[in-house]
Structure formats: structure tokens, C-alpha cells
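Undergrad: Quick mapping for you: the protein sequence lines, in order, are chains A and B.
Going by my numbering, the first sequence opens with residue 1, and the numbers climb by one from there.
Going by my numbering, the second sequence opens with residue 525, and the numbers climb by one from there.
No lab work stands behind these hints: they were computed from the structure.
Here a beta-carbon is modelled for each residue, glycine too, at the ideal position from N, C-alpha and C.
Capping the alpha-carbon separation at 30 Å, the derived lysine-lysine pairs in DSS-like fashion look like this: (1) K190(A) - K572(B); (2) K119(A) - K572(B); (3) K353(A) - K366(A).
Chain B regions said to be covered by chain A (calculated; three or more residues, Cβ under 8 Å): (4) 604-610; (5) 779-792.
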Amino acid sequence: MTRYKLAGCLALAMAAVGFIPAGMGVAQAAGTLIWGMPAETDILDPHATGGWSTYQITYQIFEGLVKEDLTDPTAATPALIPGLAKSWTISDDGLVYTFSLREGVKFHDGTPFDAEAVKFNFERFWDESSPNFYPKAKAFVIAYTKWIKSVEAVDPMTVRITLTAPNYQWLRQGLQSYGQPLMISPASVKEYGNDGVAAHPVGTGPFKFVERDQGVKTVIENFPDYWGKKALLDKVIFRPLQDPATRVNALESGEIHMMSPPWDEIERLVSEGFVLTTNENVPFINYIHLNYNFPPMQDIRVRQAINMAIDREGIAKEIYAGTARAEYGMLSPGTDAYDPNFKSYSYDPEGAKKLLAEAGYADGLKMVFEIPQYGTGEIVETWIQRDLAKVGIDLELRKYEWVTYLGKWAGGMTPDIAMNEIGWGMSTPAWIGIVARCDTIAPNGQNSGAYCNEKVDALLDEAIVTADPEAAAALYQQANRIIMDDAAFVPVVDDMQPMMLAPNVKGFVNPPEDWFDLSIVSIE
Amino acid sequence: MGAFLAKRFLGVLPVIFGVSIVIFLLVQLAPGDTATVLLGPQATEAAKEELRRALGLDRPLAVQYFQWLGRVLTGDFGTSIATQIPVLDLVLPRFVNTLILTAASLLLAIVLGYGIGFFTALRANSLFDRIATSCMLMAGSAPPFWLGLVLVLVFAIDLGWFPVSGMEDFAGDGGTMDLLHHLVLPAVTTALGPAAIIARIVRSGILDVLGRAHVRVARSKGLQRRDLLRRHVILNALPPIVTITGLQLGYLLGGALLTEVVFAWPGLGSLLYDSITARDLPVLQAATLLIALAFVLANIAVDAINAMLDPRLREI
Chain A
1 MTRYKLAGCL
11 ALAMAAVGFI
21 PAGMGVAQAA
31 GTLIWGMPAE
41 TDILDPHATG
51 GWSTYQITYQ
61 IFEGLVKEDL
71 TDPTAATPAL
81 IPGLAKSWTI
91 SDDGLVYTFS
101 LREGVKFHDG
111 TPFDAEAVKF
121 NFERFWDESS
131 PNFYPKAKAF
141 VIAYTKWIKS
151 VEAVDPMTVR
161 ITLTAPNYQW
171 LRQGLQSYGQ
181 PLMISPASVK
191 EYGNDGVAAH
201 PVGTGPFKFV
211 ERDQGVKTVI
221 ENFPDYWGKK
231 ALLDKVIFRP
241 LQDPATRVNA
251 LESGEIHMMS
261 PPWDEIERLV
271 SEGFVLTTNE
281 NVPFINYIHL
291 NYNFPPMQDI
301 RVRQAINMAI
311 DREGIAKEIY
321 AGTARAEYGM
331 LSPGTDAYDP
341 NFKSYSYDPE
351 GAKKLLAEAG
361 YADGLKMVFE
371 IPQYGTGEIV
381 ETWIQRDLAK
391 VGIDLELRKY
401 EWVTYLGKWA
411 GGMTPDIAMN
421 EIGWGMSTPA
431 WIGIVARCDT
441 IAPNGQNSGA
451 YCNEKVDALL
461 DEAIVTADPE
471 AAAALYQQAN
481 RIIMDDAAFV
491 PVVDDMQPMM
501 LAPNVKGFVN
511 PPEDWFDLSI
521 VSIE
Chain B
525 MGAFLAKRFL
535 GVLPVIFGVS
545 IVIFLLVQLA
555 PGDTATVLLG
565 PQATEAAKEE
575 LRRALGLDRP
585 LAVQYFQWLG
595 RVLTGDFGTS
605 IATQIPVLDL
615 VLPRFVNTLI
625 LTAASLLLAI
635 VLGYGIGFFT
645 ALRANSLFDR
655 IATSCMLMAG
665 SAPPFWLGLV
675 LVLVFAIDLG
685 WFPVSGMEDF
695 AGDGGTMDLL
705 HHLVLPAVTT
715 ALGPAAIIAR
725 IVRSGILDVL
735 GRAHVRVARS
745 KGLQRRDLLR
755 RHVILNALPP
765 IVTITGLQLG
775 YLLGGALLTE
785 VVFAWPGLGS
795 LLYDSITARD
805 LPVLQAATLL
815 IALAFVLANI
825 AVDAINAMLD
835 PRLREI
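Build the full structure now, drawing on both the sequences and the hints.
TA: In C-alpha cells form, the structure reads like this:
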């Protein structure tokens, strides 16, 4: 920190006496940003972790061949921009991707980035025959690697990747909240071992890792040799602060600069001068899986009735204090296939009652709803419980601790359970395939409610091999319409990712993604 | 005294052994498994199977347990499954942080509890006694979560005297003063409950002894008040008070874990929480073992102090 400040002063002094033009030469690093996070994040190995909160740190340290542009708050979907590849071409048959790599890029440990480094990383998360292979990485990056047929270093600055089948979402699939194929310094992996990357993350990004005191803080600092536009901050400190009230207090007392606020504190904090940022296009949706193995749920009228009985607008307005939007389809607003005008089932409790009566449940129906313990209480779930009670459905909430819940959700619902829920999504519309295809029915995938419609699968298969983005979007929208005509899920709301900032935080962009580019942020 | 302590120390071993078995089994009873946590929901069943094999989680429970025990006896607590950090590197600093908080709270609870208890006993049923006893009762009944937040609101946000959270000022240089500054509010929060209990016990203990025949005799012999209190009252009242104080240590350890959440104090509390949610058995085992050890050792210390105070106890 002192070094840059000194350099900055020197540069200013020299500029003043006419040695060099002002604003040239020296990066103007300033300040330390402290971010109060709701939980400790996972390990910082981007190949072997899958949580979006962890990517909020790893995004600053690591880069992929292709990046998402997170500096535009108005974009509907983050644009794919050159990262460590300065350009790439896709063959006409959609099978061969040729990346020409950026020259002069250095990892934080000073070693050069080149085609060999790319090959090493692909061996780590994809090539089981390689001594560099890391099974845990493969388990996470699988959505991306399962398409790969071969990886070749054509020359020191060119890499060619051949796919087994065309997939026009492939590049974006590599930038989602599952293991990400970002570039780790091969030298660091050799030094610390595959498991060691967790505690020694060495990438090429605008910030480099400094230290981590588990449960206390993770510190990253400005990387002065970054190839691109250098970060403005000296340092970022990520502090896990589990208790929401503690986070609010810490923000108010100036101990942290940013945090995701509890809904019921938003209005007060804004009135005190803190700055609220949101984004309407976050690729995230809170939704309910309806269980096709629960006998009454096999009647479409029951599924439709549940969709009509829940007052989503009320939930968005009353519970989320306006920082969420009611959702009627399974395509999240962060994807380029999202249609804001799409409406499936409007709030209509009377209609729901009628449908239930037609289905033979005029005297009511008992159901079990499995829900996770996830730090936000069960206020949304009790709202849903109350809404369903109004149409005669007696909903029992069964709450599980998060890990237990995750296991139950991923394993698929048993026939005595009517529904479960999760908040999820990706900026690729191909995500709906993960939760709604016949071949992803749990436990083979995350289709927890065992929904299956072959027409949907056919449309998704067609969409993924469609090169024209608009034509592909139309196909995803068609699939979404069928899914909602079937009333297979209950989309509830999407979260607009509220972030509360101290007034001296400048340049922060809340992008259509679950993580942020902190290199453009500064502290005044 | 030596034999007395040796006997007590021998008794520790089965307790620690029992605790380690109970924790091990409790974690196994919880649904959800380590492989799912580590590999995420998109992992294939084959990948999960392989990981379970690699971690030895597919072996019978008894085998897993004794393998763990064998390693621990040689001082090897293993590596954290979730963070890949050696368990002791992870647990020991956090344990020390919890001990700092617990020790500060104990000191505070003793000073407050003994002081208030003693003076309210001497002035029993006076206005001072009633006010002090009611105040302690209220402070002692407040849940630490709520109490901590109120203290933060008043002393950190409104008055700005103390920091809100953590053990250090991230913008400053740290140091002992910084630590003490951060320690005040969490220590007060944790200490008030036990202080109230200690105060009540001290008060009733002293009152009880004050009414005994030997005190009346001593008083009638014209013994000075100070000598009377020191030699005949306090010494006789102490053993049950020390025992209760020792028991409060367990409460303080538990209370500290709760206070840690409110003040983001980086102790064992949040580490335990994280290791439970990640099913990180090696960390969980080491952390609970340390807590059990601290608790048992504290009880031995209390026994030793009581034995020093009351020679009759040494013969047991």
C-alpha cells in the first residue's frame, strides 16, 4: 500500500514539474474494501468448488480463456469477452474451438501463461489419464468437461479444443456456479499439490491472494503486473459475519463497507445514507419442485391450483421489500432467453379452489413441503403455507439443516413428499435442462420432482446445437412454455441481489451475475 | 494432595474417550454425507463413491473410529476435509480465542458475582441489597444473544466507545490494547449470566454462615469485624461457592460460543458450526475434544481449590 502511495506521490510531483504527463504510468491504487459476508466461503480452488459466494472471491483472483463482462449493470446477460484468450473461433460444425492466447500474461507467482499452462489445467479437471488429474475437480467442472473430446496445444500461444457434439452454450457453461475452468498456475499446483490449491490459490487476475484466516478473513491485494486494467483498490478483505444483525451493526459502525442486507433493514439503512444497489437480471430463481411421485400431484389440476394459489407479487413486495420480482417461468431473468412478458398462472385463489374441487379434493388435501434451513428464516414458506391453506391445502413444513436438505433434494423426493424448494439458476438458459429433463431425474441429476416431457427434452437438444442466439432463445422459450403448461414447477420470485454499500464506496457495479468485478471499485 | 490429583486426572481419560465416541456417533447419525458436501449436487454417484473410498468413509464405523483414535494418540489429528488445512492449525488458534473470551468473562463474573454477593449479604434486605439483587437477576436472565445486541446498540453504535465485531481492527495495527478494546462487550455479555448466579450463591452462602453458632460465639468474644469475616465467615462459605463458580466455567464456555456469533469473535463456536454443516468430522472431533478437556480440567482445578480450602475433602 505504502509503495503505491509513494509512487503515486512521486508521479504527481514529477508531473507537476513537467517530467511526465499526469495520469500516465502509475496505477492509482487506493484504499481497502472490507466486505461482510453472510458465511465463510468454500476453498479457493475454482476447479473444485461450486458456490457463488466462493466465486465472489475467486473471480478476483482467477480468469478463464473467456470472461463474463461484469462492468455493465444494464446488460440483460453478461457479455462474453476475451479473457486469457484474446480471441477465438468456432468451426462451422460447432465442434472445434481455437483460442489464441494473450501474450505477456503472468501468473501471480511470476510464471508465464501459455498454451502449456492451459493444457495443464485441462488435464487437471478433465484428463483422467494425466498425472495432473484431480478427481474432485472433474466432479465439479463436469457440466463443461463432459463435452470435450480433445485438447491440443497447437503452438505456444494457440489452443484447440474439440467437442464431442456441438454446444453453443459451452463457453458460458464454463462460467457458471459449478467448477469453473479458470487458469491456475501450474507451478503452484506442482509445488502445493492438487489439494494444496485450496489454501494457495495462484491465478492471473487483478488481485492476488495474500492470506486466509479461516472464519476470520480472506485478504487479496492489488496485483501490480496484471495484464489488463489494474484494480483501483489496494486490498480487499472478506469477513464472514454470520449473524445478520452483526453485519448491519458492523456496516453502521464503519467496520465493513458492503454487505447483503436483511430485507427488513433495507429501508432504515437507506434512510441513514447507505447506498442500495440491485440488479433485475440476476440469473437466479427461487422455485418449487412439484413431486410427480406424490400421487395427487400427477393430476395437472392440482399442480395448476398450487401455481394459482400462491401470491408471488405479495411475497416480492411484502417480504423482500421490493428487492425481488414475481416469476412465472423457469427461465431466469439473467439468461438471454428470458421473456419479461411471459406469464403462466396469475394469482387466482378462487380458480385454484375450483380446480382442486374438480380434481376431487373439495374437502381439502394434506401435503408435505420440504424446506432448508438457510439463514433467512421460513417467512416465505409460511406465506406459501398460508396461501395454500386458503384454497384448502393443509401444508406441513418439514425443515432440514442445509447439508441434510441438499442430500434429500439431490436424491429426489420420496412419494410421501409433495414438494421441495431451492434458489438457483445460471446465465445460460440450458440450465432448465438440469432441473427439468427426463434424463436428469434425481438421483441422476437435479430434477428432484421427477418431471418428464420428451417434447421439452427434444427442444432443449435442438436449442443447444442452434448457433443463432435468437433462434436458440426462441427454442428455450418454447420449452419453458411447455414446462409451465404442464405446471411442473412453481417459480416464485427472483432475487435482485440487494447489496448495501457505505457511501464512500465508489464504482461498484451490481451486474447480472451472482458475483462482482471488484477491480473497478474504489474507496474515497 | 498429590494422590488426590493423580486420582482425578486418571478419571479424565474415560470421560474424554466417552465424549469422542459420542460425538463420532452423533455425526454419523445426522443425514447427509461428506461426499455430497464436498463434490456439490452435480457430482456423479461414481465420483462420490470414489471420494468416500479415498477418505475411508466407506469402512465400518468401528474401523473408522479406531483408526482416528490411533492417529490422535500419536498426536496426528489429520487434515480438515472441507478446508484441506491441518486440523490443529485450524482448531488451536480458535480454541485460544475462545479461552481468551472465557477467561475474561470468568474474571468479570468472579469480580462482579463475589463483590455484589458479599456486599448484599452484609447489608441484607437493605435498599442496596434489593436494587443490586434485582438488577443482577434481570441481567442474568437476559438471553446472551439479545443482551449482546443491546450492548452493541448502546455502547458501540450510539456511544461509539467499543467496536461492534471481531478481535481486531482491520484498518489498524492490532496489539494488546486493540484486543482488550474488542474484548469488553463480548466478555460482559458472556459474564453477566454466571455473575448473577455466583452473586446469589455468595449472598446466601455468607448469610447462612453469618447465622451459624460459631460466628455468634466469635462475635460475642469481641472479635473484630474484619477478622470475623475473613477467618470465620468467608473461609467457611467458600467451598460451595467455588464449586458453583467452577460449574459456571462450563456455562461460560457454552455461552462464549453463542456470544461469538453475535460479536463475530473468531472462536470455536463458528468453527464448530462450519464443521457441522460441512460434516468435517476431523475438525469436529478435535474441537469437541478440546472443549471436553477444558471442562474436565476446570473441574479438577475447582476440586483442587476446594481440597486446599477444606482438608476433609482431601481424604475422599
